[in-house]
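Student: Just so you know, the sequences run in chain order A and B.
When the count follows the numbering used here, it moves up by one through the first sequence with no breaks and lands on 437 for the last residue.
When the count follows the numbering used here, it moves up by one through the second sequence with no breaks and lands on 437 for the last residue.
You may find that some hints are simply not true.
Non-contacting residues of chain A with respect to chain B, defined by C-beta distances greater than 10 Å in every case (computed) [said to hold, decoys possible]:
hint, residue
1, Asp157
2, Pro315
3, Tyr356
4, Arg433
Not close to chain B: a few residues of chain A, all C-beta gaps over 10 Å, as computed [stated by the list, open to error]:
hint, residue
5, Arg6
6, Leu10
7, Ser105
8, Gln123
9, Asp182
10, Glu199
11, Phe285
12, Tyr395
No farther apart than 25 Å at their CA atoms in a straight line, the calculated lysine to any residue pairs in the SDA-like style are these [said to hold, decoys possible]:
hint, chain 1, residue 1, chain 2, residue 2
13, A, Lys67, B, Asp144
14, A, Lys23, B, His422
15, A, Lys67, B, Lys167
16, A, Lys429, A, Pro410
17, A, Lys111, B, Asp144
18, B, Lys67, A, Gln123
19, A, Lys111, B, Pro94
20, B, Lys425, B, His364
21, A, Lys100, B, Asp144
22, A, Lys67, B, His364
23, A, Lys301, B, Asp144
24, B, Lys167, A, Glu142
25, A, Lys111, B, Glu343
26, B, Lys23, A, Pro94
27, B, Lys167, A, Gln123
28, A, Lys258, B, Tyr31
29, B, Lys68, A, Glu142
30, A, Lys23, B, Gly332
31, A, Lys344, B, Lys111
32, B, Lys167, A, Gly188
33, A, Lys67, B, Pro94
If you're looking for bench data, these hints aren't it; they were derived computationally from the structure.
Cβ atoms here follow ideal geometry from the backbone N, Cα and C, with glycine treated the same way.
These are the residues of each chain, in order.
2 protein chains.
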Amino acid sequence: FLNISRTTVLLAFENLIAEGYIKGKPGSGTYISEELPENLLLTKNIKTNFDSAKRKNSPEAKGYHFKKYLIQERLDYNRFAPFRPGMPDLNEFPFHIWTKLISTSANEISKNDFGYGDAAGYQPLRDAIANYARAARGVKCENDQVIIINGSQQGFDLVAKVLLSPKDNIGFEEPGYTGARDSFSAAGMNIIPMPIDEEGINFKKTKLKPVLIYTTPSHQYPLGITMSLNRRLELLDYSSLNNCWILEDDYDSEYRYKGQPLSSLQGIDNNDSVIYMGTFSKVMFPGLRLGYLIVPEYLIKSFTAAKMLTDRNSPIFEQAALAKFITDGHYGRHIRRMRLIYEKRKEIFYNFIEQYLDNHITLHQTDAGLHTVGWLKNFSSDVDFSKLMLSGGIYTPPLSSYSFTKKCKPGIVFGYAAYTEHQIKSTIKKMLRCFSV
Amino acid sequence: FLNISRTTVLLAFENLIAEGYIKGKPGSGTYISEELPENLLLTKNIKTNFDSAKRKNSPEAKGYHFKKYLIQERLDYNRFAPFRPGMPDLNEFPFHIWTKLISTSANEISKNDFGYGDAAGYQPLRDAIANYARAARGVKCENDQVIIINGSQQGFDLVAKVLLSPKDNIGFEEPGYTGARDSFSAAGMNIIPMPIDEEGINFKKTKLKPVLIYTTPSHQYPLGITMSLNRRLELLDYSSLNNCWILEDDYDSEYRYKGQPLSSLQGIDNNDSVIYMGTFSKVMFPGLRLGYLIVPEYLIKSFTAAKMLTDRNSPIFEQAALAKFITDGHYGRHIRRMRLIYEKRKEIFYNFIEQYLDNHITLHQTDAGLHTVGWLKNFSSDVDFSKLMLSGGIYTPPLSSYSFTKKCKPGIVFGYAAYTEHQIKSTIKKMLRCFSV
Numbered sequence: 001f002l003n004i005s006r007t008t009v010l011l012a013f014e015n016l017i018a019e020g021y022i023k024g025k026p027g028s029g030t031y032i033s034e035e036l037p038e039n040l041l042l043t044k045n046i047k048t049n050f051d052s053a054k055r056k057n058s059p060e061a062k063g064y065h066f067k068k069y070l071i072q073e074r075l076d077y078n079r080f081a082p083f084r085p086g087m088p089d090l091n092e093f094p095f096h097i098w099t100k101l102i103s104t105s106a107n108e109i110s111k112n113d114f115g116y117g118d119a120a121g122y123q124p125l126r127d128a129i130a131n132y133a134r135a136a137r138g139v140k141c142e143n144d145q146v147i148i149i150n151g152s153q154q155g156f157d158l159v160a161k162v163l164l165s166p167k168d169n170i171g172f173e174e175p176g177y178t179g180a181r182d183s184f185s186a187a188g189m190n191i192i193p194m195p196i197d198e199e200g201i202n203f204k205k206t207k208l209k210p211v212l213i214y215t216t217p218s219h220q221y222p223l224g225i226t227m228s229l230n231r232r233l234e235l236l237d238y239s240s241l242n243n244c245w246i247l248e249d250d251y252d253s254e255y256r257y258k259g260q261p262l263s264s265l266q267g268i269d270n271n272d273s274v275i276y277m278g279t280f281s282k283v284m285f286p287g288l289r290l291g292y293l294i295v296p297e298y299l300i301k302s303f304t305a306a307k308m309l310t311d312r313n314s315p316i317f318e319q320a321a322l323a324k325f326i327t328d329g330h331y332g333r334h335i336r337r338m339r340l341i342y343e344k345r346k347e348i349f350y351n352f353i354e355q356y357l358d359n360h361i362t363l364h365q366t367d368a369g370l371h372t373v374g375w376l377k378n379f380s381s382d383v384d385f386s387k388l389m390l391s392g393g394i395y396t397p398p399l400s401s402y403s404f405t406k407k408c409k410p411g412i413v414f415g416y417a418a419y420t421e422h423q424i425k426s427t428i429k430k431m432l433r434c435f436s437v
Numbered sequence: 001f002l003n004i005s006r007t008t009v010l011l012a013f014e015n016l017i018a019e020g021y022i023k024g025k026p027g028s029g030t031y032i033s034e035e036l037p038e039n040l041l042l043t044k045n046i047k048t049n050f051d052s053a054k055r056k057n058s059p060e061a062k063g064y065h066f067k068k069y070l071i072q073e074r075l076d077y078n079r080f081a082p083f084r085p086g087m088p089d090l091n092e093f094p095f096h097i098w099t100k101l102i103s104t105s106a107n108e109i110s111k112n113d114f115g116y117g118d119a120a121g122y123q124p125l126r127d128a129i130a131n132y133a134r135a136a137r138g139v140k141c142e143n144d145q146v147i148i149i150n151g152s153q154q155g156f157d158l159v160a161k162v163l164l165s166p167k168d169n170i171g172f173e174e175p176g177y178t179g180a181r182d183s184f185s186a187a188g189m190n191i192i193p194m195p196i197d198e199e200g201i202n203f204k205k206t207k208l209k210p211v212l213i214y215t216t217p218s219h220q221y222p223l224g225i226t227m228s229l230n231r232r233l234e235l236l237d238y239s240s241l242n243n244c245w246i247l248e249d250d251y252d253s254e255y256r257y258k259g260q261p262l263s264s265l266q267g268i269d270n271n272d273s274v275i276y277m278g279t280f281s282k283v284m285f286p287g288l289r290l291g292y293l294i295v296p297e298y299l300i301k302s303f304t305a306a307k308m309l310t311d312r313n314s315p316i317f318e319q320a321a322l323a324k325f326i327t328d329g330h331y332g333r334h335i336r337r338m339r340l341i342y343e344k345r346k347e348i349f350y351n352f353i354e355q356y357l358d359n360h361i362t363l364h365q366t367d368a369g370l371h372t373v374g375w376l377k378n379f380s381s382d383v384d385f386s387k388l389m390l391s392g393g394i395y396t397p398p399l400s401s402y403s404f405t406k407k408c409k410p411g412i413v414f415g416y417a418a419y420t421e422h423q424i425k426s427t428i429k430k431m432l433r434c435f436s437v
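Given the sequences, and given the hints that come with them, work out the whole structure.
Tutor: So this is what it looks like as structure tokens:
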């Protein structure tokens with residue numbers, strides 16, 4: 001006799017029957033199936049007489065030009081080494097809490113929600129985000145103005161779909177966030193660069209009327225400037241007079257190290273002209289792919305339909321776990337904790353750059369965010385500087401790569417937040433050695 | 001003394017410091033912070049003098065018309081009650097295995113992969129899908145031809161972006177899958193209905209040249225017809241002669257109850273004209289939001305870039321867990337198990353309809369899939385029949401709702417697979433009672 005229980009054997013037989021390997025014949029016994037289930041999974045390749053000549057028209061397809069936007073190939077080189085900008089520290093994220101919330105969600109979510117969900121998002125998550133955005137960002141909204149999206153990049157796609165037509169003019173920060181610029185540009189929009197001055201985006205000298213202005217008021221990407229209250233009011237006035245929308249990308253407002261943050265632009269707009277966008281990539285982790293739009297009431301249905309037509313709804317497990325992560329307080333705790341860690345790293349980064357690279361770099365002063373800009377003292381081309389660093393294995397993107405006009409002062413964008421004191425120190429020393437090769 | 005260990009107390013203090021509630025002053029002690037961290041999260045609403053008159057131009061926005069595609073409102077009614085089509089049985093899915101794979105993924109995935117990932121998808125998942133599609137569907141491809149997407153709906157969006165321009169002619173199954181039709185239609189394409197005959201989509205009488213033909217050869221949605229080998233070869237010939245793409249939507253090919261499945265169209269195409277699309281919504285669960293395209297080699301970069309511009313990449317946890325779910329054999333086991341369950345339910349459904357509703361409905365014979373069509377005997381309008389059923393609380397969508405021309409025979413689309421024997425029986429009895437009210 002085998003030393004296993006009768007129940008185990010019966011369960012094994014039941015499974016074999018369920019999977020189609022064996023069949024029970026009443027009053028007779030159990031037999032191996034004549035047709036094994038693998039056969040049903042396998043297909044035969046059918047031979048044909050077709051000419052195998054390649055199709056000719058394909059490269060002329062409309063979207064074939066998209067591949068020029070394929071930036072990941074250049075990013076693959078050392079893609080998470082210091083000082084890549086735009087990254088939070090993934091080693092500090094409480095993945096154990098996150099995966100536990102995912103697991104418990106499986107039992108707590110209604111089975112209905114594992115089906116095709118509400119395109120605008122899982123209601124408890126929309127509620128949690130609305131509460132957060134009202135309290136933390138002064139956003140004025142009802143809960144159903146929140147549309148859950150797969151990160152900011154989907155926000156650009158939906159905004160283009162719902163609000164824009166090809167050849168529409170888009171006012172764009174110069175320099176600015178390339179992810180947004182590429183998205184609008186690939187969708188056929190006409191990018192109008194608007195320079196950044198010390199108060200933020202400056203739309204005053206631009207004669208072409210934009211249909212939408214894209215801006216990052218809390219912490220301009222990549223220059224790090226916070227838009228002044230005065231400029232905010234001027235911008236809202238301009239949008240009201242010119243009937244133009246404003247897309248407010250509030251991508252890392254959680255990380256302000258000194259003073260009170262200013263309320264969002266959306267919160268001081270009385271004309272329903274602002275689409276507010278937030279992301280969880282900087283607080284949680286980019287691979288999560290969740291963010292949100294807060295849209296004026298009259299656009300809720302159009303954005304919901306656009307999201308439905310684009311990919312129906314965002315994944316339910318992520319949405320449910322994130323709702324609990326926020327309402328259980330993990331989100332606020334993680335922000336407070338990381339804010340102190342990042343602030344300390346910022347100080348370390350600034351101190352070491354000053355100590356070792358003072359001859360080459362003047363850092364822009366900033367009190368917020370995960371990155372900063374260093375102005376080059378001895379290089380007229382930031383691309384040359386980047387190449388020099390890359391030869392030493394360090395990825396420091398040139399400011400000009402964020403520029404549409406390529407006319408900006410030579411500078412480097414440094415992401416300092418995702419790296420430990422040791423990494424910051426050793427990378428800066430490595431940078432120093434690049435100069436002496 | 002409190003009965004807790006010194007370590008616990010120290011950890012609590014460290015946390016309070018980390019989150020900004022208290023500050024340690026060297027040589028002095030620990031103090032409550034002057035500025036509590038909540039203040040940094042809060043903003044003040046700023047008063048302005050703006051006119052609060054509503055913007056006037058907004059409803060004229062390009063995508064405002066999207067809201068007419070917002071079908072979820074009509075689906076909200078009893079949305080998972082029998083016999084809603086397109087649903088797998090969520091109660092049978094092994095969520096315990098799935099959440100365990102998600103949890104273990106957190107430790108096994110490289111930290112890099114929690115950042116911004118490859119837009120084409122997580123490589124182990126692409127490999128697993130390529131292996132599966134080659135073996136189970138006769139697809140001819142290299143692993144890097146697989147592009148991971150957020151379900152079929154995103155596939156339509158990407159295909160439109162990369163291959164089509166507004167006003168392009170799309171050959172479309174009539175009746176056909178509304179999710180695809182709405183997506184192409186909202187993107188401005190010109191839908192050309194092509195009737196379904198007993199061999200599948202019939203393109204022969206259509207004079208307008210399509211740029212792309214959308215088709216579901218394995219199991220036509222919603223009629224359930226499997227495209228004959230002869231028609232497949234004719235269609236590939238037509239596409240070769242007319243330089244038109246074919247989008248092959250293989251949405252539920254896993255569920256074939258009798259005989260060998262035919263290979264995919266893609267597998268017998270020698271002209272690189274077929275875009276093959278698969279989804280995990282029918283085998284796993286729709287809320288997962290994962291699917292894939294298998295594209296010709298010369299289109300890989302364009303589709304990768306389109307995906308990157310649309311929402312960067314699909315969520316990493318889902319992708320990693322799904323890769324393991326497939327390679328560990330859970331995927332194949334689940335399919336084999338569910339195939340037997342669904343086949344049994346199909347028999348039950350057919351038997352009960354015959355027993356109770358033979359006067360009203362003739363079921364279309366089918367050997368595959370999760371749904372079937374019932375032809376109405378005494379109703380000239382399937383919409384009227386649906387309304388009658390809805391009055392009894394039963395959701396049975398009319399075939400005409402899948403039709404572009406509204407000229408099809410009156411029929412009802414029944415999803416039988418997601419419901420237990422008891423649910424099937426009681427719903428059919430409930431339907432019967434509708435007739436006598």
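Student: Hey, is Tyr395/A genuinely clear of chain B, shortest beta carbon separation above 10 Å?
Tutor: Consistent with the label, Tyr395/A stays out of reach of chain B, its closest Cβ about 13 Å off (over 10 Å).
Student: Given the hinted pair Lys23/A and Gly332/B, is their Cα-Cα distance within 25 Å?
Tutor: holds (18 Å)
Student: Straight-line Cα separation of Lys23/A and His422/B no greater than 25 Å?
Tutor: Within the cut-off at roughly 24 Å; holds.
Student: Does the structure keep Lys111/A and Asp144/B at a Cα separation of 25 Å or less?
Tutor: Distance ~34 Å between Lys111/A and Asp144/B Cα, so the pair is violated.
Student: Beyond 10 Å on every Cβ pair: is that true for Arg433/A relative to chain B?
Tutor: holds (25 Å)
Student: Is Leu10/A truly not at the interface, in the sense that its beta carbon sits beyond 10 Å from all beta carbons of chain B?
Tutor: holds (16 Å)
Student: Is the Cα-Cα distance between Lys67/A and His364/B 25 Å or less?
Tutor: Measuring from Cα to Cα gives roughly 45 Å; hence the hint is violated.
Student: Are Lys425/B and His364/B close enough, with their CA atoms no more than 25 Å apart?
Tutor: Judged against 25 Å, a Cα distance of about 19 Å means the pair holds.
Student: Taken at face value, is the distance from the CA of Pro94/B to the CA of Lys67/A at most 25 Å?
Tutor: violated (39 Å)
Student: Are the Cα atoms of Lys344/A and Lys111/B separated by 25 Å or less?
Tutor: OK: Lys344/A and Lys111/B at ~22 Å, within 25 Å.
Student: Taking the shortest Cβ-to-Cβ distance between Asp157/A and chain B, state whether it exceeds 10 Å.
Tutor: The assertion about Asp157/A is violated, with a minimum of 5 Å to chain B.
Student: For Phe285/A, is the shortest CB-to-CB distance to chain B above 10 Å, so the non-interface label stands?
Tutor: Since the minimum Cβ distance to chain B is about 4 Å, Phe285/A lies within 10 Å and the statement is violated.
Comparing the model with each earlier hint shows violations of hints 1, 2, 7, 9, 11, 17, 21, 22, 23, 24, 27 and 33; every other hint is respected.
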